[in-house]
Amino acid sequence: MSAVKVGASPWRVGGDARVTGHQEYVADIHLPGELHAKLVTLPVARARILRVDTSAAAQVPGVRVVVTAADLPQPVPRYGPQFKDRPVLAVGETKYHGEPVAAVAADSKAAAEAAAGLVRVEYEELPAIVTITSALDSAAPLVQDPALRPGDPLAATNVMRVHRVGWGDVDAEPADVVIENSYSFPMVTHFAIEPHAFMAAPDGDGIAVWTTIQHPYWLQRILSGILGLPLSRVRVIAPDPGGGFGGKQQIKYEPVVAFMALQAGRPVRLVLTLEETFQAVRRTAAEVRVRTGVRSDGTLAFQDIKADYLMGAYVDIADRVVNKGSYVGAGPYRMPAARIVARGILSHTVPATAFRGFGNPQINWAVESNLDEAARALGIDRLEFRLRNLARKGEAFIPWDTPADGDWQQTVRRAGELIGWGTPLPVGHGRGIAIGIKSGPTTGLSYSTVRLLADGSVIVYAGTSDMGQGARTVFAQIAAQELGAPMDWVTVVMGDTAIVPYDAQTSASRSTVLMGNAVLKACKSIQSQIRTMAARLHRLDEAAITVERGVVRLPDRELTILEVLKPGLGSLGGELTGNGESRKDAEPDHPLQGAPAFFEFNCTAIEARVDEGTGDVVIVRHVTVSDVGKAINPLQVRMQDEGAAIMGLGHTLMEHYIFDEAGRVRNLGAIDYRIPTSMDLPLELHSEVVENADGPGPYGAKGMSEGALLCVAAAVAAAVREATGVVIRDLPLTPERVWRAVQERDRDPAHGRDER
Amino acid sequence: MVDTLPIEMTVNGRRRALEVAVNSTLLDVLRDDLELTGTKECCDVGECGACTVLVNGLAVDSCLMLAVEADGAEVSTVEGLAQDGKLNPLQQAFLDKGAVQCGFCTPGQLMAAQALLAANPHPTLDEVQEGLSGNLCRCACYVQITEAVLAVAEGTPQ
Chain Y
1 MSAVKVGASP WRVGGDARVT GHQEYVADIH LPGELHAKLV TLPVARARIL
51 RVDTSAAAQV PGVRVVVTAA DLPQPVPRYG PQFKDRPVLA VGETKYHGEP
101 VAAVAADSKA AAEAAAGLVR VEYEELPAIV TITSALDSAA PLVQDPALRP
151 GDPLAATNVM RVHRVGWGDV DAEPADVVIE NSYSFPMVTH FAIEPHAFMA
201 APDGDGIAVW TTIQHPYWLQ RILSGILGLP LSRVRVIAPD PGGGFGGKQQ
251 IKYEPVVAFM ALQAGRPVRL VLTLEETFQA VRRTAAEVRV RTGVRSDGTL
301 AFQDIKADYL MGAYVDIADR VVNKGSYVGA GPYRMPAARI VARGILSHTV
351 PATAFRGFGN PQINWAVESN LDEAARALGI DRLEFRLRNL ARKGEAFIPW
401 DTPADGDWQQ TVRRAGELIG WGTPLPVGHG RGIAIGIKSG PTTGLSYSTV
451 RLLADGSVIV YAGTSDMGQG ARTVFAQIAA QELGAPMDWV TVVMGDTAIV
501 PYDAQTSASR STVLMGNAVL KACKSIQSQI RTMAARLHRL DEAAITVERG
551 VVRLPDRELT ILEVLKPGLG SLGGELTGNG ESRKDAEPDH PLQGAPAFFE
601 FNCTAIEARV DEGTGDVVIV RHVTVSDVGK AINPLQVRMQ DEGAAIMGLG
651 HTLMEHYIFD EAGRVRNLGA IDYRIPTSMD LPLELHSEVV ENADGPGPYG
701 AKGMSEGALL CVAAAVAAAV REATGVVIRD LPLTPERVWR AVQERDRDPA
751 HGRDER
Chain F
757 MVDTLPIEMT VNGRRRALEV AVNSTLLDVL RDDLELTGTK ECCDVGECGA
807 CTVLVNGLAV DSCLMLAVEA DGAEVSTVEG LAQDGKLNPL QQAFLDKGAV
857 QCGFCTPGQL MAAQALLAAN PHPTLDEVQE GLSGNLCRCA CYVQITEAVL
907 AVAEGTPQ
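Protein chains in written order, with the numbering used here: chain Y, 1 to 756; chain F, 757 to 914.
Check each hint, because a few of them may be wrong.
Claimed, not checked - These stretches of chain Y come out as covered by chain F in the derived footprint (C-beta under 8 Å, 3 or more residues): (1) 6-17; (2) 21-34; (3) 463-473; (4) 635-641; (5) 677-683.
These aren't lab readings, by the way, just hints derived from the structure by calculation. C-beta atoms are modelled at their ideal positions from N, C-alpha and C, and glycine is treated no differently.
Throw the hints in and build the complete structure from the sequences for me.
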């Protein structure tokens, strides 16, 4: 009988190719006759384009195509996953530092780069908006042309949308103590080690596009609209991305590359530099004002939250980030009243997009930090305060929505135990604990086809992008388990819209649940065909036969699936095919257009010490506990959780974009923008999972991958506060910022250090 | 002024004679001329380590080295690690310990680890972390990478 595949950590599918250098990422693929493209950008954020002269560029030997907005269909097509606001190339005005004005394609990279440098753009620099405050100034220039927002009452402002959610009556809810503070979260970038890359080539009467994208089918739909081609003539090939983190979800420069390829009649490739990726994707920054009302018995009365998210010059998916990120802003607590007003604000900066956590880390940082302040004001232990208010399983903590779908107390208690909460600390050390929650997918559609071949080997088709989370391995485990095949007899095919059936997206930690269920259903369909076959072969009633996890049970014996399949298929061979669909329809009346399929729930606890002479924060112990329902692959779960935890330390301790007054990014690239290295790790990192098999995915799995990042900042800042007595409400907690806060404390003799 | 120069180098044990542009980096030549695309390009300024290869046994950011500087050198890339289709101990340990997620930084991590262990077959945890600090992993499986390197060291006779 087959070994247990689910709940174990078998060999990673695609692992061998990754350690031998044979894994093909987009930039590793070359097409015959390909041209190399380079984008032309301006050294300012916002400028009026007066004249573009491409004549010198066109004369560079080897240059085949030079395009400006004037060379594109008119009016220049605009696109975006939410709003059609981004032009294929800048029209009339650039709106952020790095926005392409023109593009060149040539026989060689060198020729393309030389020609791009010779495109002469005459421009007039205009004042740029890079902060929330300046965007909201009544005299501020409008980032978006109001003509792009017909009928929108906010069109004459830089506010894109306002999302309101709430219940109860915050103003009437009695509270004994009200704590009010403001918190800021920096602008940070994904910094996938694989920079974005795009290729397009004429393909018969259509086009083929190779891209580092997470959502190939969404891209296909948008490209089909821009190019006026049926979906069947837009083939998107999406090799496994080298890290995505949300930054590769959406369409970027595929349209301009496609137009160049169609014009040249040849393949065109555009591989971004790391600097260009910094100018292509980032997380929304945020400023959050929180008023937390509490009662003297330690229960919460209300949360009153105003969250301003700074998006870029084009919306991308950031409005959805604001909406969904703020929605569970009040946290997983029993909350008599809540009022959350979240605004998405446009600016002359890099278009913000999805980024692991999807708007939740920003608001979580503020709200969880403010809960600490409330606990201190009440004189209640911070862990006890959270446990007292935490929703119990089955409780609707947002009155109309999916109730608490896990034993969250278990997760929080476990994190407390693992950090040694309440035990004595060395001098200069502090502890913090925080809870993260995120809505899982609210809508979704995933199809899978599974083929059981005549020898018992299996091919799984799944449109998920395996960008490092290990989706291929998880789907192979499910198929191996259900169809009784060895893991290395399962092939998982992804990343080609001409071959693999539709999948809406790879985001919101959905794939194990939604695509996993589709794969499982496809396998179940094959199991049912095996049952029919077994009934025929053994002259039994189907009702007398069960097929489960690779085993066919007849009344008098057990057979493997292969023992039924071979005689069942007969001398012609052939195969069995199963299809599975996993659908979560939209609910139009829901504030998120759908209740979450599950919640990602995490508790992070930190012990830190601070070098007061330098302001350096050392994470002594980092505990992260996630409720994952069921870890289908425990090793991969650990890798995702620990990776997310360390990524969370990035925006907590070191990462942030720096702009100059002209709106230029001053720290483009790896030298000036630091992310965690092997020298920035917690001295101890401990991850654990809670598994109660209570999720909606296969075998009770829930989505996971973002959870361990959500509340890192609040837990670290709380530990820094306990270690030093200083409260810092702006991220990142750089040595300079911590050191200054400590200096301030020492200058102010009245500064309370009683909480130490 | 010359635009190209002939060079000869040994890449993964094979002699290669090439005419290279004088401003081509070793990374460009490996990826574009020799089609050894296992070595990855990311930051191009010697900070991320994705392009790490061994030149005469030393770990080098191949984006910072001109190809002409590698004339006469022994160059090893990730493609040369496995022998006769069998993964080497580091490759095996990376997979066993879960040190590979998206895999884009993996070739550079492996080559840096290879150089580290060659110079110091029994490193401490601190020495591994410092030795690999020039190799960024945004999936952040640093703990697993460190475990893999230490496991290989443990299996190496003293």
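Outcome of the hint check:
1. Only residues whose C-beta sits within less than 8 Å of a C-beta in chain F count toward coverage, and the segment 6-17 of chain Y has 7 of them, enough to reach three; the restraint holds.
2. Proximity of the segment 21-34 of chain Y to chain F, defined as three or more residues with a beta carbon under 8 Å from a beta carbon of that chain, is established by the 7 residues found.
3. With a threshold of 8 Å between beta carbons, the proposed coverage of the segment 463-473 of chain Y by chain F holds, since 4 of its residues qualify and at least three are required.
4. With a threshold of 8 Å between beta carbons, the proposed coverage of the segment 635-641 of chain Y by chain F holds, since 5 of its residues qualify and at least three are required.
5. Coverage of a stretch by a chain is defined here by at least three residues with a beta carbon nearer than 8 Å to that chain's beta carbons; for the segment 677-683 of chain Y and chain F the count is 4, and the condition holds.
Consistency note: the structure conflicts with none of the earlier hints.
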